[in-house]
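K.L.:
Produce the entire structure from the sequences given, and follow the hints as far as they go.
Protein chains: 6
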Amino acid sequence: MIYITRKERFNAAHKLYREDWTQEKNTETFGKCANPNWHGHNYDLYVTIKGEIDPETGFVIDLKELKKIILEEVVNKLDHKNINMDVDFMKGKLASTEILAIAIWDQLKAPIAKHGAELHAIKLFETENNYVEYFG
Amino acid sequence: MIYITRKERFNAAHKLYREDWTQEKNTETFGKCANPNWHGHNYDLYVTIKGEIDPETGFVIDLKELKKIILEEVVNKLDHKNINMDVDFMKGKLASTEILAIAIWDQLKAPIAKHGAELHAIKLFETENNYVEYFG
Amino acid sequence: MIYITRKERFNAAHKLYREDWTQEKNTETFGKCANPNWHGHNYDLYVTIKGEIDPETGFVIDLKELKKIILEEVVNKLDHKNINMDVDFMKGKLASTEILAIAIWDQLKAPIAKHGAELHAIKLFETENNYVEYFG
Amino acid sequence: MIYITRKERFNAAHKLYREDWTQEKNTETFGKCANPNWHGHNYDLYVTIKGEIDPETGFVIDLKELKKIILEEVVNKLDHKNINMDVDFMKGKLASTEILAIAIWDQLKAPIAKHGAELHAIKLFETENNYVEYFG
Amino acid sequence: MIYITRKERFNAAHKLYREDWTQEKNTETFGKCANPNWHGHNYDLYVTIKGEIDPETGFVIDLKELKKIILEEVVNKLDHKNINMDVDFMKGKLASTEILAIAIWDQLKAPIAKHGAELHAIKLFETENNYVEYFG
Amino acid sequence: MIYITRKERFNAAHKLYREDWTQEKNTETFGKCANPNWHGHNYDLYVTIKGEIDPETGFVIDLKELKKIILEEVVNKLDHKNINMDVDFMKGKLASTEILAIAIWDQLKAPIAKHGAELHAIKLFETENNYVEYFG
Numbered sequence: 001m002i003y004i005t006r007k008e009r010f011n012a013a014h015k016l017y018r019e020d021w022t023q024e025k026n027t028e029t030f031g032k033c034a035n036p037n038w039h040g041h042n043y044d045l046y047v048t049i050k051g052e053i054d055p056e057t058g059f060v061i062d063l064k065e066l067k068k069i070i071l072e073e074v075v076n077k078l079d080h081k082n083i084n085m086d087v088d089f090m091k092g093k094l095a096s097t098e099i100l101a102i103a104i105w106d107q108l109k110a111p112i113a114k115h116g117a118e119l120h121a122i123k124l125f126e127t128e129n130n131y132v133e134y135f136g
Numbered sequence: 001m002i003y004i005t006r007k008e009r010f011n012a013a014h015k016l017y018r019e020d021w022t023q024e025k026n027t028e029t030f031g032k033c034a035n036p037n038w039h040g041h042n043y044d045l046y047v048t049i050k051g052e053i054d055p056e057t058g059f060v061i062d063l064k065e066l067k068k069i070i071l072e073e074v075v076n077k078l079d080h081k082n083i084n085m086d087v088d089f090m091k092g093k094l095a096s097t098e099i100l101a102i103a104i105w106d107q108l109k110a111p112i113a114k115h116g117a118e119l120h121a122i123k124l125f126e127t128e129n130n131y132v133e134y135f136g
Numbered sequence: 001m002i003y004i005t006r007k008e009r010f011n012a013a014h015k016l017y018r019e020d021w022t023q024e025k026n027t028e029t030f031g032k033c034a035n036p037n038w039h040g041h042n043y044d045l046y047v048t049i050k051g052e053i054d055p056e057t058g059f060v061i062d063l064k065e066l067k068k069i070i071l072e073e074v075v076n077k078l079d080h081k082n083i084n085m086d087v088d089f090m091k092g093k094l095a096s097t098e099i100l101a102i103a104i105w106d107q108l109k110a111p112i113a114k115h116g117a118e119l120h121a122i123k124l125f126e127t128e129n130n131y132v133e134y135f136g
Numbered sequence: 001m002i003y004i005t006r007k008e009r010f011n012a013a014h015k016l017y018r019e020d021w022t023q024e025k026n027t028e029t030f031g032k033c034a035n036p037n038w039h040g041h042n043y044d045l046y047v048t049i050k051g052e053i054d055p056e057t058g059f060v061i062d063l064k065e066l067k068k069i070i071l072e073e074v075v076n077k078l079d080h081k082n083i084n085m086d087v088d089f090m091k092g093k094l095a096s097t098e099i100l101a102i103a104i105w106d107q108l109k110a111p112i113a114k115h116g117a118e119l120h121a122i123k124l125f126e127t128e129n130n131y132v133e134y135f136g
Numbered sequence: 001m002i003y004i005t006r007k008e009r010f011n012a013a014h015k016l017y018r019e020d021w022t023q024e025k026n027t028e029t030f031g032k033c034a035n036p037n038w039h040g041h042n043y044d045l046y047v048t049i050k051g052e053i054d055p056e057t058g059f060v061i062d063l064k065e066l067k068k069i070i071l072e073e074v075v076n077k078l079d080h081k082n083i084n085m086d087v088d089f090m091k092g093k094l095a096s097t098e099i100l101a102i103a104i105w106d107q108l109k110a111p112i113a114k115h116g117a118e119l120h121a122i123k124l125f126e127t128e129n130n131y132v133e134y135f136g
Numbered sequence: 001m002i003y004i005t006r007k008e009r010f011n012a013a014h015k016l017y018r019e020d021w022t023q024e025k026n027t028e029t030f031g032k033c034a035n036p037n038w039h040g041h042n043y044d045l046y047v048t049i050k051g052e053i054d055p056e057t058g059f060v061i062d063l064k065e066l067k068k069i070i071l072e073e074v075v076n077k078l079d080h081k082n083i084n085m086d087v088d089f090m091k092g093k094l095a096s097t098e099i100l101a102i103a104i105w106d107q108l109k110a111p112i113a114k115h116g117a118e119l120h121a122i123k124l125f126e127t128e129n130n131y132v133e134y135f136g
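In order, the protein sequences belong to chains A, B, C, D, E and F. First residue of the first sequence: 1, per my numbering; consecutive thereafter. First residue of the second sequence: 1, per my numbering; consecutive thereafter. First residue of the third sequence: 1, per my numbering; consecutive thereafter. First residue of the fourth sequence: 1, per my numbering; consecutive thereafter. First residue of the fifth sequence: 1, per my numbering; consecutive thereafter. First residue of the sixth sequence: 1, per my numbering; consecutive thereafter.
Calculated directly from the structure, the hints in this document are not laboratory data. Be careful, since some hints might not be right.
Copies of the same chain look alike in the list, so a pair counts if it works inside one copy or between any two.
With a Cα cut of at most 30 Å, we get these calculated BS3-like pairs of lysine-lysine [what the hints assert, rightly or not]: (1) 25 to 50; (2) 123 to 67; (3) 32 to 109; (4) 64 to 7; (5) 32 to 114; (6) 25 to 93; (7) 114 to 68.
Since this is a predicted model, take the numbers as computed values, not measurements.
P.N.:
Okay, here's the thing in structure tokens:
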């Protein structure tokens, strides 16, 4: 068993707020992250796959394939987008890093399995000082 | 003459667009950066001061003072904000990194001069792959 | 179960030495790290919490609260300090990165539990080339 | 139980290819990584040891010793070398990051055990965007 | 006048040697960098442009255009290549970082000028510890 | 004319204080940097040389020679040392980053000139957020 990780990036706007709360309650709970006019981040995304090495290629998964899956299923839907408004797989969800990491896991699990590999971890940096890890 | 640099950070939303253009023309010119629902970045800001060393303190400028100026005049006005909508010194301007760097210069030049030092350069990273430098 | 990590920093002096050994034996064992006049580092500290996401906020723990705990219990006691001389929770202990990481764990475990979250890991970089991880 | 990690670096040439395949099949499988004239990388290697802290020294392992083992067994054999041609412990193997990480594990396990510590993980970066982890 | 910089990357093999010298003299002069079987690096390339801001777009140069030029003229010719053997604009030249930086300048100056901007600097990292800057 | 830079590192203790001032005045002026029991940093030092390329070697200066000079004249005197107490070329000086950068310049200028190259700049990081540049 070996683990291989691919890093990709996306730049997106978001805010932390609940539509069923007033702006006052959102600001009280989420502070400056609830700014109604949005703010944004350069997100760094690490996707880790685990599996056996294919003796023919020396690979667990072809990284070109893994990159293609991550771009199609995640990065192209998030990059230069508004996480709250533009992203189909985040509709109706709070745009916290925790919930975004789980949603990215759900986007990637099946397509990676179809390529014969197993998703092991999502690591998502919102800033250099904060990151979330999810293992399913 | 010696140069001293302080790094600060802010996370903001923006889009590249002109209000006097249609969305079509904005998208044609600025591509995905013109997304009407905004996107955002973790900006890294480097402010460089030049001057003589004060023989009493060994400083060109007290970095605690420099930090305070940068936070008050720039970072607190940009962090967790929308550059196009929320920032007084960017009103009516295109929110490109180039124009933002010049606007930051204009915010900092006088307050730094009041502390007896001279602003030398603004270096502003929009992503790890793109940055602007302005020397006045 | 999801994991969230906060990075903080502190700059401190220390030396590796035992008071019950001669300087000769300390130098023989710890090399240049036993310099009697001290040396120092910019330490990078990563604190990882695990837990369930609160469906109301999308958070495991409010990062502003986590930051406050880390500053009060750890960073404010270490930053711009001498680890061997100035830090109450390191009194009488060897100032190795290993022992410091465990002492930081002991400082943080209870206050984080009081906020309904669980400390998962301490990761402490002494330099870009050396780090320690402790999981309790 | 505590974990300590040492980072080292090496710069090497390699290509992904199998000698029992034609260049065409190698290029079809490995793309630009099969360039017959080689390409290369600045590899970053993280070696993680686990164990109990020696109460006398505050160490799991003396990092000077760990560094010496890594240099002798791994880095000096790989740095400024061709992984496919020059490295005894890679003879006859595919020069993928996955297989190189396992080979590095095999080089380090016994010498580290001789020093009373236990190898826990090899983390090997080929680029800032791709890395492999192996836990034995 | 404002300066804008774009970072790109390439991974390449090279060796430092002169064909008109014996291997002995090459090794004596260039040390392990003269390994006849090559070694390689992850090069980081920073290209800096200077100019006036176009008041219509807020740009000195459209970074998408700059990226395209750098990829076509430089990165696609170097990435996953052997600098001594595969790169037309390095034929017959010593593959030192200094000479490569100047050759990259010569590749980029005219195409950037055609887009109405002026090349200001090439900054080329061979490793995190060594870089070259060239200003024409 | 081309510029080449070598990065080295050292870990040192220091405090900002003047012996001719009381501790109270030192603390009032230098804040937590005046802690009488010292604090410390991982300093990053960038030394930039300028010159013509030697057509025989493709080098401005042999980086192995430059590294040797920097280690002998600067790093070995500062690494794992107390800047105020242990460093001959800092005796009687304030241990600010500005004054340390100038002192490093003075250490390096002549030995580099002896090797036929010219020192261009010293860039010294005290933390990731603060650095000084000196050009003579």
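K.L.:
Determine for every hint whether it applies to the structure shown.
P.N.:
Results of checking the hints against the structure:
no.	hint	verdict
1	25 to 50	between (42 Å within a copy, 26 Å between copies)
2	123 to 67	both (15 Å within a copy, 20 Å between copies)
3	32 to 109	between (33 Å within a copy, 27 Å between copies)
4	64 to 7	both (12 Å within a copy, 22 Å between copies)
5	32 to 114	between (41 Å within a copy, 25 Å between copies)
6	25 to 93	within (17 Å within a copy, 32 Å between copies)
7	114 to 68	within (13 Å within a copy, 34 Å between copies)
Comparing the model with each earlier hint shows no violations; every hint is respected.
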